[in-house]
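K.L.:
Sequence:
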Amino acid sequence: MKRKIFISYSRVDEKWKEIVVKHLKLLPNIDIWDDSRIDGGARWFQEIKEALISSKIAILLISADFLTSRFIGENEVPPLLERHERGEVIIFPIILRPCFWELTWVADFNVRPRNGKPLREMSGPEGSESELVTIVREISKLLDKAAAREQKLSEYELALRKTLEKNWPDIDGVRKQCRQKSQELTNTDITAVEKSIIAEVKAEYDEKLRVYGLAFREVLAKTWPDVDGARNQCRQTSQGLTDADITAVEKSIIAEVKAEYEKKLREYELAFRKTLVQTWPDVDKALNQCHQESQGLTDVDITAIEQPIIAEVKAKYEKKLREYGSTFGEALAKTWPDVDKAREQCRQKSQRLTDADITAIEKPIIAKVKAAYEQKLGEYELAFGEALAKTWPNVDGTREQCRQKSQGLTDADITAIEQPIIAKVKAEYEKKLREYGSAFGEALAKTWP
18 MKRKIFISYS RVDEKWKEIV VKHLKLLPNI DIWDDSRIDG GARWFQEIKE
68 ALISSKIAIL LISADFLTSR FIGENEVPPL LERHERGEVI IFPIILRPCF
118 WELTWVADFN VRPRNGKPLR EMSGPEGSES ELVTIVREIS KLLDKAAARE
168 QKLSEYELAL RKTLEKNWPD IDGVRKQCRQ KSQELTNTDI TAVEKSIIAE
218 VKAEYDEKLR VYGLAFREVL AKTWPDVDGA RNQCRQTSQG LTDADITAVE
268 KSIIAEVKAE YEKKLREYEL AFRKTLVQTW PDVDKALNQC HQESQGLTDV
318 DITAIEQPII AEVKAKYEKK LREYGSTFGE ALAKTWPDVD KAREQCRQKS
368 QRLTDADITA IEKPIIAKVK AAYEQKLGEY ELAFGEALAK TWPNVDGTRE
418 QCRQKSQGLT DADITAIEQP IIAKVKAEYE KKLREYGSAF GEALAKTWP
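Taking the numbering used here, the leading residue of the sequence shown gets 18, the next gets one more, and so forth.
Be aware that one or more of the hints could be misleading.
Stated by the list, open to error - Beta-carbon label-pair distances, calculated as ranges:
#: 1; residue 1: ALA265; residue 2: ASN184; range: 15 to 25 angstroms
#: 2; residue 1: THR315; residue 2: LYS193; range: 42 to 52 angstroms
#: 3; residue 1: LYS441; residue 2: ARG420; range: 15 to 25 angstroms
#: 4; residue 1: GLY190; residue 2: THR315; range: 42 to 52 angstroms
Unchecked claim - Subject to a maximum C-alpha distance of 27 angstroms in a straight line, what follows is the list of computed DSSO-like cross-link-like pairs (lysine-lysine):
#: 5; residue 1: LYS158; residue 2: LYS169
#: 6; residue 1: LYS331; residue 2: LYS351
#: 7; residue 1: LYS351; residue 2: LYS387
#: 8; residue 1: LYS169; residue 2: LYS19
#: 9; residue 1: LYS280; residue 2: LYS239
#: 10; residue 1: LYS336; residue 2: LYS366
#: 11; residue 1: LYS351; residue 2: LYS380
#: 12; residue 1: LYS66; residue 2: LYS158
#: 13; residue 1: LYS39; residue 2: LYS169
#: 14; residue 1: LYS441; residue 2: LYS407
#: 15; residue 1: LYS179; residue 2: LYS225
Since the hints were derived computationally from the structure, they do not count as laboratory data.
Since the model is a prediction, treat every value here as computed from it, not as a measurement.
Ideal placement from N, C-alpha and C gives every residue a C-beta, glycine not left out.
Sequences and hints are given; from them, build the entire structure.
P.N.:
Here it is, written out as C-alpha cells:
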C-alpha cells in the first residue's frame, strides 16, 4: 500500500512546490497529493478533506502567503493539527521564504531547514537543491518509521482484538497477554488502539448478549418451564459469553417469562371458569371455546387448573339443582295440579340449568306431590263420608268438621269428592226414612190405637 504525502502550499509558491515534488518522486512506494490532483468538475473540497484524513505525512511549504491564506488557515491546518495530536499524521514544515513563522503555530514544530533559514536564501540553486535532498532523506526515514509504527500498531491491534474477543471482559489479562506486541509503541498509540478495539469488542459482545437474550426469550416462551431445554437450544448463540453475563441475562428473562406464563394461566383460569358455568355440563364445549387461551400452556398446568374448576362448577350446579328441586317441590305442593304455575314461580332458580336436568328433578317431585295430594283426597273422602253419615243433613257442619282435612285441596276436587258422597248419604238416609215409615205403618196397624 502506497504511503500518502499531503502537500499544503500557497499558489504563489507553485514553483517551489514543483521542485519539492520532483525530489519526493524519487522515493519508492509513495503517493504525493496536492491540489493539482483535483480534476475539473470534481468536488474539490471533499477531495481535500479525504486527502487530509488519509495522509501519513503533511509537508507544509511555509511563506508569508501560506501563513496569511484564509483557506489554508481555516480548512487545512486545523484538521492536520488535530490528527497530529492523535498521532495520526506527521507535520513537516519547510520554510520557503522569509516570514515571521516564529510568531505562529509553526513555532511548535521542528522546521526545515534546521536553522530556520529559508530555502530561497540558500547560496544558489545548488544550495537549496542540496538542502532539499537532505530534507527528502529525512522524510523517507520518517515514512519508514511511520510504516514500521503502522505495522506494529496493526499487529498489536490484531492480537489485541483476537485475544480480547476470546477473553472479554478481562481487559487487564488481555493486556498482559499482548504485552510483547505492544513493545516500542507509545502509551498514546496503545491507548488509541485499545480504546477503539475495546469499544468495538464491547459493542459486538453486547450485541451478542442482546441476540442471545432475544433467542433465549423466544425459545423459553415456547418451552416453559423447561429452562434447561431452552438453554440447550440456545447453546450455539451463547458461545463466547461469560457464565456471569448469561446468568444475568437469563435471570430477568426467566422472571418475565414466568410472570407472563402465570398471567396466562390466570387468564385461562378465568376464561375456563366463566365458559364452563355457561356450558355445563358440556366440558368439551368449554375446552374448545377456550382453546385459544390455553395455547402455550402445558397439559399438566391446564389439567391442574381445569380439575378443581370442574369440581367447583359441578358442586355449585348440583347445589343449584337441589335448591331448585326444594323450591319447586314447595311451590308445586301449593299450586297442584298447576305444574306450569309452579315452574313459573321457580323460573329464577332454574336459570342455567339444562332442560334435561330440570325434567329429571321435576319428574319424581311431581309424582311425589301427586301421590301426596291423591292420598289427601282419599283421606278427605273417607273423613267427609264418615262425618256426613253422622251429621246428615248438616252438610255445612260436616265441611266445618273436615276443614283441616281439606286444606291444600282444590275446590273442584273437594266438590268432586263431596257430590257423590252427599248423594249416597242422602239416598241411604231417604231409604232409611222409607223403611222406617213402612215399619211404623205396619206396627201401628197392629197396635192401634
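K.L.:
Is LYS66 within 27 angstroms of LYS158, Cα to Cα?
P.N.:
holds, 26 angstroms
K.L.:
With the threshold set at 27 angstroms, check whether the alpha-carbon distance from LYS351 to LYS387 stays at or below it.
P.N.:
holds, 12 angstroms
K.L.:
Need the status of pair LYS169, LYS19: alpha-carbon distance at most 27 angstroms?
P.N.:
Holds, because 17 angstroms separates the two Cα atoms, which is no more than 27 angstroms.
K.L.:
Is the hinted pair LYS158 and LYS169 satisfied, with a Cα-Cα distance of at most 27 angstroms?
P.N.:
holds, 16 angstroms
K.L.:
Would you check the hint for LYS331 and LYS351, treating anything up to 27 angstroms between C-alpha atoms as holding?
P.N.:
violated, 30 angstroms
K.L.:
Between THR315 and LYS193, does the beta-carbon spacing fit 42 to 52 angstroms?
P.N.:
Holds, since THR315 and LYS193 (Cβ atoms, about 50 angstroms apart) stay within the stated range.
K.L.:
Are LYS280 and LYS239 close enough, with their CA atoms no more than 27 angstroms apart?
P.N.:
At roughly 15 angstroms apart (the allowed maximum being 27 angstroms), LYS239 and LYS280 satisfy the hint.
K.L.:
Honestly, do LYS441 and ARG420 meet the 15 to 25 angstroms range at C-beta?
P.N.:
Holds, since LYS441 and ARG420 (Cβ atoms, about 21 angstroms apart) stay within the stated range.
K.L.:
LYS336 and LYS366 were given as a pair; does the straight-line alpha-carbon distance stay at or below 27 angstroms?
P.N.:
Given that 27 angstroms is the threshold and the Cα spacing comes to 11 angstroms, the pair holds.
K.L.:
Is the Cα-Cα distance between LYS39 and LYS169 27 angstroms or less?
P.N.:
Distance ~31 angstroms between LYS39 and LYS169 Cα, so the pair is violated.
K.L.:
Are the Cα atoms of LYS351 and LYS380 separated by 27 angstroms or less?
P.N.:
holds, 17 angstroms
K.L.:
Sort out whether LYS225 lies within 27 angstroms of LYS179, counting only the CA atoms.
P.N.:
Roughly 16 angstroms between the alpha carbons, so the hint for LYS179 and LYS225 holds.
The structure does not agree with the numbered hints 6, 13 stated previously, though it agrees with the rest.
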